[in-house]
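So the chains spell out like this:
Number of protein chains: 4
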Amino acid sequence: MIRASILGGTGYIGGELLRILHFHPQVEFAQVTSRRKVGTPIAEVHPNLRGLVLDKFIHPEELLSCDVLFIALPHGEVANRIETYAEIAQRVIDTSADFRLSNPETYRRWYGKDHPYPEWLSKFVYGLPERNRASLSSANYVSGVGCNATILNLALGPLVDAGWLERAVADIKVGSSEAGAEVRSSSHHPERSGAVRVYSTGDHRHLTEVEQQLGPVPIHLTVTAIEMVRGVHLTAQCFLSTKQDSIDNRLIWGLYRQAYGEEPFVRLVAKRQGLYRYPEPKILVGSNYCDIGFALSEDSNTLVVMAALDNLMKGGAGSAVQCMNVMCGFEERAGLEFPGLHPI
Amino acid sequence: MIRASILGGTGYIGGELLRILHFHPQVEFAQVTSRRKVGTPIAEVHPNLRGLVLDKFIHPEELLSCDVLFIALPHGEVANRIETYAEIAQRVIDTSADFRLSNPETYRRWYGKDHPYPEWLSKFVYGLPERNRASLSSANYVSGVGCNATILNLALGPLVDAGWLERAVADIKVGSSEAGAEVRSSSHHPERSGAVRVYSTGDHRHLTEVEQQLGPVPIHLTVTAIEMVRGVHLTAQCFLSTKQDSIDNRLIWGLYRQAYGEEPFVRLVAKRQGLYRYPEPKILVGSNYCDIGFALSEDSNTLVVMAALDNLMKGGAGSAVQCMNVMCGFEERAGLEFPGLHPI
Amino acid sequence: MIRASILGGTGYIGGELLRILHFHPQVEFAQVTSRRKVGTPIAEVHPNLRGLVLDKFIHPEELLSCDVLFIALPHGEVANRIETYAEIAQRVIDTSADFRLSNPETYRRWYGKDHPYPEWLSKFVYGLPERNRASLSSANYVSGVGCNATILNLALGPLVDAGWLERAVADIKVGSSEAGAEVRSSSHHPERSGAVRVYSTGDHRHLTEVEQQLGPVPIHLTVTAIEMVRGVHLTAQCFLSTKQDSIDNRLIWGLYRQAYGEEPFVRLVAKRQGLYRYPEPKILVGSNYCDIGFALSEDSNTLVVMAALDNLMKGGAGSAVQCMNVMCGFEERAGLEFPGLHPI
Amino acid sequence: MIRASILGGTGYIGGELLRILHFHPQVEFAQVTSRRKVGTPIAEVHPNLRGLVLDKFIHPEELLSCDVLFIALPHGEVANRIETYAEIAQRVIDTSADFRLSNPETYRRWYGKDHPYPEWLSKFVYGLPERNRASLSSANYVSGVGCNATILNLALGPLVDAGWLERAVADIKVGSSEAGAEVRSSSHHPERSGAVRVYSTGDHRHLTEVEQQLGPVPIHLTVTAIEMVRGVHLTAQCFLSTKQDSIDNRLIWGLYRQAYGEEPFVRLVAKRQGLYRYPEPKILVGSNYCDIGFALSEDSNTLVVMAALDNLMKGGAGSAVQCMNVMCGFEERAGLEFPGLHPI
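One line per chain: the protein sequences are A, B, C and D, in this order. Just so it is clear: in the first sequence, position 78 is 78 by the numbering used here, and no numbers are missing. Just so it is clear: in the second sequence, position 191 is 191 by the numbering used here, and no numbers are missing. Just so it is clear: in the third sequence, position 35 is 35 by the numbering used here, and no numbers are missing. Just so it is clear: in the fourth sequence, position 224 is 224 by the numbering used here, and no numbers are missing.
Just chain A, with the same shape it has in the complex (with noise of 0.2 Å):
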């Protein structure tokens, strides 16, 4: 058993990491804070935890020192203070986008300024078990992924090492929670419910994140925002570089059982019938699954893939604690098993 605290937990991706936490076989939790909310019971803010979770929010001063501390705090608030940080946990998992880039040139591009502790960047290993599972088991610090940039590294990434993607057109739909807790005008719910809303239409920074795992691929990428509170998914239009006459479906269906064969949480998903015949964000809600399927054109070069997976999950809190699992030794499933629910 370890103890687990977590840093700013009035979010949405700190309750997910509470509720699975709290289930979690070989974690004792410890202590959540919040700044505004000290004192607060928990389960107002998180009520699915009502009855489960009985603390309340301390401030973050009074925090302990613990084995593994999660931070959920939003970006641009974890950087100045890593080093203190640091001092309360050997481990470190930081859910935020302070430490996702490794280059602090690339930080000072996307970020408009320096990282006040570049030296820092390269002790963080990358938090997506299914591509850097060996750095992180001996990891200490750990950035939590983007949940944009975790569907298309999962989606693209076999593509990419095999050397057959040229060129990929992106289309990514997103949920509301993707936008986080706090109160917006852009999710004020007569304005975004049934929104079908294109809100990025080069959108650079995610693509670093993934640029930094795959290298470089040219990627064009459209986020629209559609009427969901929960869920990631991507449909891909990919140029292959291989000649039309040599690759088919048995060679793609190769190629990623290859790579996620033995993966517990990434699923391939393509069938030729059937409702859900393909990966569908609906299903996976709450579950730390990664559905991954793709249908190849028949008479041109490419190939259509398409994922799905929960923001919070697999694009967030689940994803921070398979990589404590990792990094802990414990069983990668441990406090993940929820397998999503249907119908919902």
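Because the hints were derived from the structure by calculation, they are not lab data. Careful: at least some of the hints might be erroneous.
[As the list claims (entries may be wrong)] Now the in silico label distances, taken between C-beta atoms and shown as ranges:
| id | chain 1 | residue 1 | chain 2 | residue 2 | range |
| --- | --- | --- | --- | --- | --- |
| 1 | C | 133 | B | 273 | 50 to 60 Å |
| 2 | D | 80 | A | 337 | 52 to 62 Å |
| 3 | C | 331 | A | 90 | 32 to 42 Å |
| 4 | B | 75 | C | 241 | 34 to 44 Å |
| 5 | C | 133 | A | 137 | 42 to 52 Å |
| 6 | A | 65 | C | 167 | 30 to 40 Å |
| 7 | D | 35 | C | 180 | 28 to 38 Å |
| 8 | B | 167 | C | 204 | 19 to 29 Å |
| 9 | C | 271 | A | 22 | 15 to 25 Å |
| 10 | C | 271 | A | 61 | 53 to 63 Å |
| 11 | D | 22 | A | 298 | 40 to 50 Å |
| 12 | D | 28 | B | 25 | 28 to 38 Å |
[Claimed, not checked] Simulated crosslink set (DSSO-like; lysine-lysine; CA at most 30 Å straight-line):
| id | chain 1 | residue 1 | chain 2 | residue 2 |
| --- | --- | --- | --- | --- |
| 13 | D | 123 | D | 113 |
| 14 | D | 123 | B | 37 |
| 15 | B | 123 | B | 113 |
| 16 | B | 56 | B | 37 |
| 17 | D | 37 | B | 271 |
| 18 | A | 37 | C | 271 |
| 19 | A | 113 | A | 123 |
| 20 | A | 271 | D | 271 |
| 21 | C | 56 | C | 37 |
| 22 | B | 271 | C | 113 |
| 23 | C | 113 | C | 123 |
| 24 | A | 271 | C | 56 |
| 25 | D | 123 | B | 56 |
| 26 | D | 56 | B | 271 |
| 27 | D | 56 | D | 37 |
| 28 | C | 271 | B | 113 |
| 29 | A | 56 | A | 37 |
| 30 | C | 271 | A | 56 |
| 31 | A | 271 | C | 37 |
| 32 | D | 56 | A | 113 |
Don't be surprised by glycine CBs; every beta carbon is placed ideally from N, CA and C.
Put chains B, C and D on the given structure of chain A with help from the hints.
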């Protein structure tokens, strides 16, 4: 042709007034004010009016005199300045709650303070044509109606007028637009989406509007926010004073037909079968109808009365324009003929 | 470890039984039948179980003996064959309505025909642990519960037991999964989407289940389909027999605490503030909780009781497994610990 | 005034035709047929027309001659009887797919059989006023348009006409009404609700309609069903042939303004800011607009083109009535002025 202006045009009621008046055959649309959005194109705030309404918001002080002034300011912002506003137009229709209650004592009781211009309260006619058509036809000052009050007044009015209603237990279901365009945590999409949220278990302020129209009748009211943007739906269990053996379906139909048979915007909907055999708000979205239905209980002396309307239309902007039509001697349906959509 | 099988596993209740039993620590999952889907992989029908449940549906005649047989067939398909089914397992839990009513007269009245095995009716215990735990612990035959009956039984039970409830007016709001997996015109998405559809204004068949548990109490019930897939929500105006000056919040809290303080799956939710101060079905999706809240009316002798549950869980599969836990002497929470999600 | 009838009036396109024609200032509404619903009041099937349309469905054989006959039968039910139908009215507008393709060879390729009246194919003008206005003004036979083809034709047409488009990758998002009024398992509410379901990864039949209008241009198309009843939304990554340094925002605006500046139902929507800065289907529900926007990528020679329309209006009934207006010399906006709603 008359000239009409709107004071406070950025909210949802203001937007619907704009839409209706733009197409109204006897209205020349004049000015729309907004303190915060001076100079902003109106269609930027109300995107459905793109290419149709090309004007910009003006400052309230730029308001020129006109024939009818619609006020769509938040509650509490009208009462203090009514004398100023009344100088702008001979006819004023105020959709806020500031002049709905005719009795200064009642106003003080519910709003916790004296009305600044109590003598004006009696100048206003309550803007519900189905009950106050005669007064409206000669009125210069008309108050808007509360959407919850309107559905109760229309659905229960005939029973109360006939002296049949002893007691009603009403559950009103509402959409998110009822809370207005201002951003708040209760309307944050991830929280509001899919909600079934009882937010009032004894809403006496709204019931005061009902009591003013119908007289004292015991109504036990709950209001529940559900997944819907526009729409109000009422289910009321009505305990009847008439003896069981004397009341039947034919009598109920007769009562409601007498009350509403000639009404342009009240329809009776009570079929034996069919998906839409009772009132449903979704097919009324954008329309000015209030649909009313009922089902007599066989073995108890109760009647279930159901009703539906669009809170921004019959429960707001639509009734206001209908009042204008009555005041100005226009055809009462003018500008209000959109029937709603199916499917939707 | 016991062996459990499911007779009729393609429906929504069957799917939830599968999900729960798959993760249940004391259950070895045996067989799942379907006449129409013999040989089809189970996960094709229940896509959330992909990679977890690898078996295929078998024909009912291939069913081997097991320790507990769950029956999730449509209403009316169980009664005729109960003797056959009872030979398969010592313990049978039937989620259909066929054995819910213990009185053959009552059965005939509501179902319009004689029960084929009336002598079996009394062998079945009504599967609501909160009221029948003692009988369940020694029962071999358990009926499932109706989801609407369950929310009424749990929410109003304490008031009835105390002799305080004179009359209740209840509005129940339900999601589309309550109508089951079979396609029908009322569930066609363009028609069902956004519906606020009163489909019952005097549902006496469901109330019979309530009367059987609580005794005769006048309940005026309406049932309304709203935009929701899973979930049941109750709002009940309760007219109390106790005099107004003697009943207060503390008394109500005391009554409900006494009834449910030790219950693993009933929570009391009645806060003074907060978005989730009263029960909400959405945060219970997938969980086995029934949340109950109340608000006392100040100026009339009425109490508004609210409740929420997931119709496929506490109102179906969840209660059935909870019954199994009681029958088999397992920890009552076993397999049912998923707490629900937020946001959702 | 002309007399118009509808052959096949129970579907969603038929319902919208009814709604539009009922309010059309130059149309006298004649008859509506349905084989299955003979004698049923029309408003029972289209509940938004209650109190407005009082007629009943008649049998097709009772159809009298009229000036314009709209056909809203399922695909495949028109071709065989076109000679009969053409005797009923001088002008026929067929919203099915039976006469959309002008080339009998192309028809055979996609529909797998010979067209029964191939000589009629060339008599029909493809009913897209924005591209075929001149031909329509003298046409007697007009085909309807596919909603997916329409959004592609309108959004990409100017780029293709200018010779700028080398290749497009398009993702089209659609609502559930696109699949029609007939009940099917894929539209069962618990399954369809919240879906993000790629149902086509190479929809060449629809693209044939595009190729017929625009000429050969490589379009890689995916179609995804999302949570929405009405609406089509397009996101297209367009790879341009023009050199990067010569193409800029002004040029794109110029191109689209030239194409659509005078069009009554195409609006250009590409603002720098604002929630609704790009096209959104929800505010077009019930309207005949197609909104088109674009965003130029800074560092690659690509343009993201976005578009939105209501599949039952501009993608179906609305375009059909617009064609009638052109054919009959009416004002092109007549009957089609409803602007859509906000909020919704």
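Hints and how they fare:
Range check, residue 133 of chain C to residue 273 of chain B: Cβ separation about 42 Å, and the 50 to 60 Å hint is violated. Take residue 80 of chain D and residue 337 of chain A: their Cβ atoms lie about 57 Å apart, and the range 52 to 62 Å holds. Checking the proposed 32 to 42 Å range against residue 331 of chain C and residue 90 of chain A shows it holds: the Cβ atoms sit about 35 Å from each other. The hinted range of 34 to 44 Å is satisfied by residue 75 of chain B and residue 241 of chain C, whose Cβ atoms lie roughly 39 Å apart.
At roughly 47 Å, the beta carbons of residue 133 of chain C and residue 137 of chain A sit within the given window of 42 to 52 Å. Our hint of 30 to 40 Å for residue 65 of chain A and residue 167 of chain C is violated, since their Cβ atoms are close to 59 Å apart. At roughly 30 Å, the beta-carbon separation of residue 35 of chain D and residue 180 of chain C lies within the given 28 to 38 Å, and the hint holds. Look at residue 167 of chain B against residue 204 of chain C: about 22 Å separates their beta carbons, and that is inside 19 to 29 Å.
The supplied range of 15 to 25 Å is met by residue 271 of chain C and residue 22 of chain A, whose beta-carbon atoms lie about 21 Å from each other. For residue 271 of chain C and residue 61 of chain A, the Cβ-Cβ distance of about 28 Å falls outside the hinted range of 53 to 63 Å, so the restraint is violated. Range check, residue 22 of chain D to residue 298 of chain A: Cβ separation about 46 Å, and the 40 to 50 Å hint holds. Separated by about 20 Å at the C-beta atoms, residue 28 of chain D and residue 25 of chain B break the suggested range of 28 to 38 Å.
A C-alpha spacing of about 20 Å is found between residue 123 of chain D and residue 113 of chain D, which places the hinted pair at or below 30 Å, so the restraint holds. A hinted pair counts as satisfied when its Cα atoms are at most 30 Å apart, and residue 123 of chain D with residue 37 of chain B does not qualify at roughly 54 Å. Between the alpha carbons of residue 123 of chain B and residue 113 of chain B the distance comes to roughly 20 Å, so the proposed pair stays at or under 30 Å and holds. This hinted pair checks out: residue 56 of chain B and residue 37 of chain B have alpha carbons roughly 9 Å apart, not beyond 30 Å.
For the hint linking residue 37 of chain D to residue 271 of chain B, the alpha-carbon distance of about 17 Å falls within 30 Å, and the restraint holds. Straight-line distance between C-alpha atoms of residue 37 of chain A and residue 271 of chain C comes to about 17 Å, which keeps the hinted pair within the 30 Å bound. For the given pair, residue 113 of chain A sits about 20 Å from residue 123 of chain A by alpha-carbon distance, which is consistent with the 30 Å threshold. In summary, the hint linking residue 271 of chain A to residue 271 of chain D is not supported, as the alpha carbons are separated by about 41 Å, beyond the 30 Å threshold.
Using a Cα cut-off of 30 Å, the hinted pair residue 56 of chain C and residue 37 of chain C holds, with the two alpha carbons roughly 9 Å apart. Taking the CA atoms of residue 271 of chain B and residue 113 of chain C, the gap is about 28 Å. The hint holds against a cut of 30 Å. At most 30 Å may separate the alpha-carbon atoms for a hinted pair to count; residue 113 of chain C and residue 123 of chain C meet this at roughly 20 Å. A threshold of 30 Å between alpha carbons decides the hint, and for residue 271 of chain A with residue 56 of chain C the separation of about 16 Å falls inside it, so the pair holds.
Taking the CA atoms of residue 123 of chain D and residue 56 of chain B, the gap is near 48 Å; set against the 30 Å cutoff, the hint is violated. Restraint check for residue 56 of chain D and residue 271 of chain B: satisfied, since their Cα atoms lie roughly 16 Å apart, inside the 30 Å limit. For the given pair, residue 56 of chain D sits about 9 Å from residue 37 of chain D by alpha-carbon distance, which is consistent with the 30 Å threshold. Taking the CA atoms of residue 271 of chain C and residue 113 of chain B, the gap is about 28 Å. The hint holds against a cut of 30 Å.
Only pairs whose Cα atoms come within 30 Å are accepted, and residue 56 of chain A paired with residue 37 of chain A is accepted, the gap being roughly 9 Å. Annotation: proposed proximity of residue 271 of chain C to residue 56 of chain A holds, straight-line Cα distance about 16 Å (limit 30 Å). With a CA separation close to 17 Å, the supplied pair residue 271 of chain A and residue 37 of chain C stays within the 30 Å bound. Restraint check for residue 56 of chain D and residue 113 of chain A: the C-alpha separation of about 70 Å exceeds 30 Å, so the hint is violated.
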